[in-house]
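Here the structure of chain A is known, so what remains is to put chain S in place on it, guided by the hints.
2 protein chains.
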Amino acid sequence: MTPVDGPGVVKRSEEVEGRLVEAGTATTMRPLLGESDGAPNFAMRLFSMGEGGGMPRHTNRVEHEQYVIRGRARVGIGDEVHEVSAGQVLYIPAAVPHFYEVVDAPFEFLCVVPNAEDRIEIVE
Amino acid sequence: MTPVDGPGVVKRSEEVEGRLVEAGTATTMRPLLGESDGAPNFAMRLFSMGEGGGMPRHTNRVEHEQYVIRGRARVGIGDEVHEVSAGQVLYIPAAVPHFYEVVDAPFEFLCVVPNAEDRIEIVE
Numbered sequence: 380m381t382p383v384d385g386p387g388v389v390k391r392s393e394e395v396e397g398r399l400v401e402a403g404t405a406t407t408m409r410p411l412l413g414e415s416d417g418a419p420n421f422a423m424r425l426f427s428m429g430e431g432g433g434m435p436r437h438t439n440r441v442e443h444e445q446y447v448i449r450g451r452a453r454v455g456i457g458d459e460v461h462e463v464s465a466g467q468v469l470y471i472p473a474a475v476p477h478f479y480e481v482v483d484a485p486f487e488f489l490c491v492v493p494n495a496e497d498r499i500e501i502v503e
Numbered sequence: 380m381t382p383v384d385g386p387g388v389v390k391r392s393e394e395v396e397g398r399l400v401e402a403g404t405a406t407t408m409r410p411l412l413g414e415s416d417g418a419p420n421f422a423m424r425l426f427s428m429g430e431g432g433g434m435p436r437h438t439n440r441v442e443h444e445q446y447v448i449r450g451r452a453r454v455g456i457g458d459e460v461h462e463v464s465a466g467q468v469l470y471i472p473a474a475v476p477h478f479y480e481v482v483d484a485p486f487e488f489l490c491v492v493p494n495a496e497d498r499i500e501i502v503e
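Chains A and S, in that order, give the protein sequences. In terms of my numbering, the first sequence opens at residue 380 and continues consecutively. In terms of my numbering, the second sequence opens at residue 380 and continues consecutively.
I should point out that these hints are in silico values taken from the structure, not numbers from a laboratory. A couple of the hints might just be wrong.
[To be verified] Covered by chain A, per the in silico footprint, the following chain S stretches (three or more residues, Cβ under 8 Å):
(1) 396 to 410
(2) 413 to 421
(3) 446 to 457
(4) 478 to 490
We treat Cβ as the ideally placed atom computed from N, Cα and C, and that holds for glycine.
Next comes chain A alone, as it looks inside the complex:
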């Protein structure tokens, strides 16, 4: 492949502004890499959940590939519940109900999603 001169992107995740996740509790999301960096296919986000934090059981329209960076949480995927900590990876297919309950805060994980329309729907 002919090498091209293209801009790479290097940044510290702490410098990326976070926003509160409305559907969650004590949960912020930092959009680390995505379309605004020129990335054509998928986006990497960093979720941070504080004491007592989490997300209720919900579905997304897109799949998640996740890597746990620090802390500990109970994560429900479909009918199974897992306790996860640093170094664990999770794959959550589109439309599969899932939830998060923080055990040791802060619970931080990367979540990669395709560049596609998403919607969070809470599942009772």
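Coordinates of chain S only, in the frame set by chain A:
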């Protein structure tokens, strides 16, 4: 979206078998999540580089979204060189020459790529 029963995947990254990266030095790659887990769009891999390790200047046919987990390295992207450590994220567009030189080992980073044909070409 109608919730579906689908298998999620949860595993420890240390339990995923690594393989030596032939084009690199003291570099192993663990395929954490990808098509074999049912993931349709992209794959998450964990690279670990030991003392004196790295990858020579090369191109790929696919873009990279990366997150540094531990250690320190000099990373060249195009004409720029960055020293990176834990918490830093990198976007390397397809076809842009890049290299890695370990400064503090082990240097570990996640690298997410689309599910598409790739080829490593070394660039002088």
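Exercise. Does the structure break any of the earlier hints, and which numbers would those be?
Worked result: Per hint list: 1, 4 violated.
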